[in-house]
Amino acid sequence: MSILDQPSSSSLSGGVTRRQAWGLVGLLAAAIVAWLVFAVWPQWLNAILISKKAFVSAILNGLTLAGLYFLVASGFTLIFGLMRNINLAHGSLYLLGAYIGYEVTSRTGYWLLGVAAGFAVLAIIGVVMQVFVFRRLEGDDLRQTLVTIGISIVAADLMLAVWAGGTYQIATPEWLDGALTLPIITAVRSNGASVFLTYPLYRVVVLAAAIVIGVGLWLMLNKTRVGMMIRAGVDDRAMLSASGVNVHAVFAIVFAVGAGLAGFAGVVGGSALSVAPGEDVRYLLASLVVVIVGGMGSITGAAIGALLIGLAEQIGLVYFPTYGVVLTFVIMVVTLAVRPQGIMGKAR
Amino acid sequence: MSLATAADGAAPQQNWLDKIGAGHVILAVALLLYPLVASDFFLTQIAGYSMIFGVLSLSLMLLAGYGGMLSLAQITVAGIAAYAVAILGSNNSSVLGFGWPWWIVVPFAVAAAAVSSALIGWISVRTEGIYTLMITLAIATATFYFAQQNYAIFNGHSGYAGIHAPVFWGINWRDPKPFYYLCLGLAMLSYAAVLYGSRSTFGMTLQAIRDNPRRMRALGYHVTAHKVFAWFLAGILAGLAGVLLVWFNGRVSPGTIGVDVAIDILIIAVIGGLRHPIGPFVGAIVVILMQTFAIDIVGAERFNTLIGLAFLVIVFVSPDGILGLWGRIKPHLAQESLRAGP
Numbered sequence: 015m016s017i018l019d020q021p022s023s024s025s026l027s028g029g030v031t032r033r034q035a036w037g038l039v040g041l042l043a044a045a046i047v048a049w050l051v052f053a054v055w056p057q058w059l060n061a062i063l064i065s066k067k068a069f070v071s072a073i074l075n076g077l078t079l080a081g082l083y084f085l086v087a088s089g090f091t092l093i094f095g096l097m098r099n100i101n102l103a104h105g106s107l108y109l110l111g112a113y114i115g116y117e118v119t120s121r122t123g124y125w126l127l128g129v130a131a132g133f134a135v136l137a138i139i140g141v142v143m144q145v146f147v148f149r150r151l152e153g154d155d156l157r158q159t160l161v162t163i164g165i166s167i168v169a170a171d172l173m174l175a176v177w178a179g180g181t182y183q184i185a186t187p188e189w190l191d192g193a194l195t196l197p198i199i200t201a202v203r204s205n206g207a208s209v210f211l212t213y214p215l216y217r218v219v220v221l222a223a224a225i226v227i228g229v230g231l232w233l234m235l236n237k238t239r240v241g242m243m244i245r246a247g248v249d250d251r252a253m254l255s256a257s258g259v260n261v262h263a264v265f266a267i268v269f270a271v272g273a274g275l276a277g278f279a280g281v282v283g284g285s286a287l288s289v290a291p292g293e294d295v296r297y298l299l300a301s302l303v304v305v306i307v308g309g310m311g312s313i314t315g316a317a318i319g320a321l322l323i324g325l326a327e328q329i330g331l332v333y334f335p336t337y338g339v340v341l342t343f344v345i346m347v348v349t350l351a352v353r354p355q356g357i358m359g360k361a362r
Numbered sequence: 008m009s010l011a012t013a014a015d016g017a018a019p020q021q022n023w024l025d026k027i028g029a030g031h032v033i034l035a036v037a038l039l040l041y042p043l044v045a046s047d048f049f050l051t052q053i054a055g056y057s058m059i060f061g062v063l064s065l066s067l068m069l070l071a072g073y074g075g076m077l078s079l080a081q082i083t084v085a086g087i088a089a090y091a092v093a094i095l096g097s098n099n100s101s102v103l104g105f106g107w108p109w110w111i112v113v114p115f116a117v118a119a120a121a122v123s124s125a126l127i128g129w130i131s132v133r134t135e136g137i138y139t140l141m142i143t144l145a146i147a148t149a150t151f152y153f154a155q156q157n158y159a160i161f162n163g164h165s166g167y168a169g170i171h172a173p174v175f176w177g178i179n180w181r182d183p184k185p186f187y188y189l190c191l192g193l194a195m196l197s198y199a200a201v202l203y204g205s206r207s208t209f210g211m212t213l214q215a216i217r218d219n220p221r222r223m224r225a226l227g228y229h230v231t232a233h234k235v236f237a238w239f240l241a242g243i244l245a246g247l248a249g250v251l252l253v254w255f256n257g258r259v260s261p262g263t264i265g266v267d268v269a270i271d272i273l274i275i276a277v278i279g280g281l282r283h284p285i286g287p288f289v290g291a292i293v294v295i296l297m298q299t300f301a302i303d304i305v306g307a308e309r310f311n312t313l314i315g316l317a318f319l320v321i322v323f324v325s326p327d328g329i330l331g332l333w334g335r336i337k338p339h340l341a342q343e344s345l346r347a348g349p
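From first to last, the protein sequence lines are chains A and B. Taken in order, the first sequence gives residues 15 to 362; the numbers are from our numbering. Taken in order, the second sequence gives residues 8 to 349; the numbers are from our numbering.
Worth flagging that the hints you see were computed from the coordinates, not collected in a lab. These numbers were taken from a predicted model, which means no experiment stands behind them. Each hint should be verified, as a subset may be incorrect.
Unchecked claim - To spell it out: a stretch of chain B is covered by chain A in this simulated footprint if at least three of its residues, at any positions, have a beta carbon under 8 angstroms from a beta carbon of chain A; those stretches are:
no., segment
1, 34-46
2, 145-154
3, 265-274
4, 309-317
Ideal placement from N, C-alpha and C gives every residue a C-beta, glycine not left out.
Build out the structure end to end from the sequences listed, making use of the hints.
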């Protein structure tokens, strides 16, 4: 809140600043959500929102999906923010990671090995792409983007050639199977016993992993020297180069992390959902919308965007099945109308 | 971004041949006589289809070349016209289908396409350059998923089938020769319109906005309005192409407006070149020929790899596509270009 804003906002009503007002609104919203989640619902609310179980499940599914979207989109947004090219092959990286995870897991039997392989192989592919493709087209953002289109077409076709059109499911290890009973009462039986909500343990783990990686990325970007260089590159690439930093090395690191995260998300997502051709486009769309909504080049923005889109998608799926995509679309259009640079984006 | 340049206004004393350009006349005569030598397959599947996609890519070239706005939503706009034809006209999917005559349906379909194009434009001109590509791709993908999920309007996954081209003046316009001339007529008209439009006041203003929006704004031009109007015009072209596309296929489904098709349009425009309105047509012929005959070269399945690789090579070698290659070879041949170049 700048000094200039003070008089106008304090004169609004009884000395409540705008920030305080927003805080109150936020607190109220949080209280309503908390009540919706933990309270036993009265009958009229069940009538409006189908049932408490459907509502809370939609929210939890939305959070899990948001975690997945965040993993995919964080790499996308970093690459975009730093290199100004849209990596339209990002969805292909996700799908390739999923296939590699499937192969490694089904051959060795170790799921964690599959996850590691998904990350490592894709990170290497990311570096290779950066060195052999993008470095050659330095400074020509449009051609870099066009090249990623070509790569995504070839990649999709070759993956179809190797893994055919079938649907795969990556087997999760036993210690991740099973359900977790959450302290959320969905209904009270007539004999007074409470029914608690159960939720797949694996999905909770996905969400936790996304949060851990998100915090890790934030720490890396904000507390380490490499992160400082990346942030400087997002703000002004030329100046970073002029101050003696090897920009190419920074680009390679970002590409490795971004592509690796896409591969990681592929394995994790392929275990929770399924792996099939066409998933690449789905996750590309998700990354696009998340980054448009959240703001280009911002990890926090990607988290906020992923949360909005994931929740919108799942809630839309439960309450207006055939118009679910429209909700996502409306969020994007409203964001563009109100804040063209995205929620956390900086105006350029 | 490849920059299209409008030719200087022709001197007033030129005769009509100089004004139109000998290349254009030769090309037009050749295309008019083409049905004499071509089989039905080459008339519709190759020539007609190429011209439909040429007009679609032309609408992209109009936006990208003159306006600097790279759109991936052109097939979405064409799809809106195609769906409008299916919904307002008659189809045999027993969903909607108002059964209006074609001469009411077509203007409505094209108008719907143009208005939605203007809306897409209005959304996307809030951002610039590479962001436009991203937003239009998101719009195209979202529309695809929406059409696939929604049964009330789009009839879901199966879409609409049994849409017939009109029959009037005793001619079934879906027969090979009439359909070819229909496509040729539209292609020539849109090509001439874009060429003329690029030299009009509006075209000049649009190109100036592409080159320096800030200066144009300072000079008092309404930058957003000009850009949105360009989207509207491009929407008319894409809508007309969409109408022909649905008559050609006889059906429309979410697959018609899929992301792969959206990317195909961009590939056609980039392979052809965004400098001149002829580029999209050159690109369309090359890509359609490749799509049709790549099966014979690399087998039925892997032709997408071939197209992707060809696209990669073109982007790497020549940023301006085939027209750019031609522009580089031309001085070596030391002869006049066939067309009156820009």
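Now the hints, each set against the structure:
{"no.": "1", "hint": "34-46", "in the structure": "violated (count 0)"}
{"no.": "2", "hint": "145-154", "in the structure": "holds (count 6)"}
{"no.": "3", "hint": "265-274", "in the structure": "holds (count 5)"}
{"no.": "4", "hint": "309-317", "in the structure": "holds (count 6)"}
In this structure, the one hint that does not hold is number 1.
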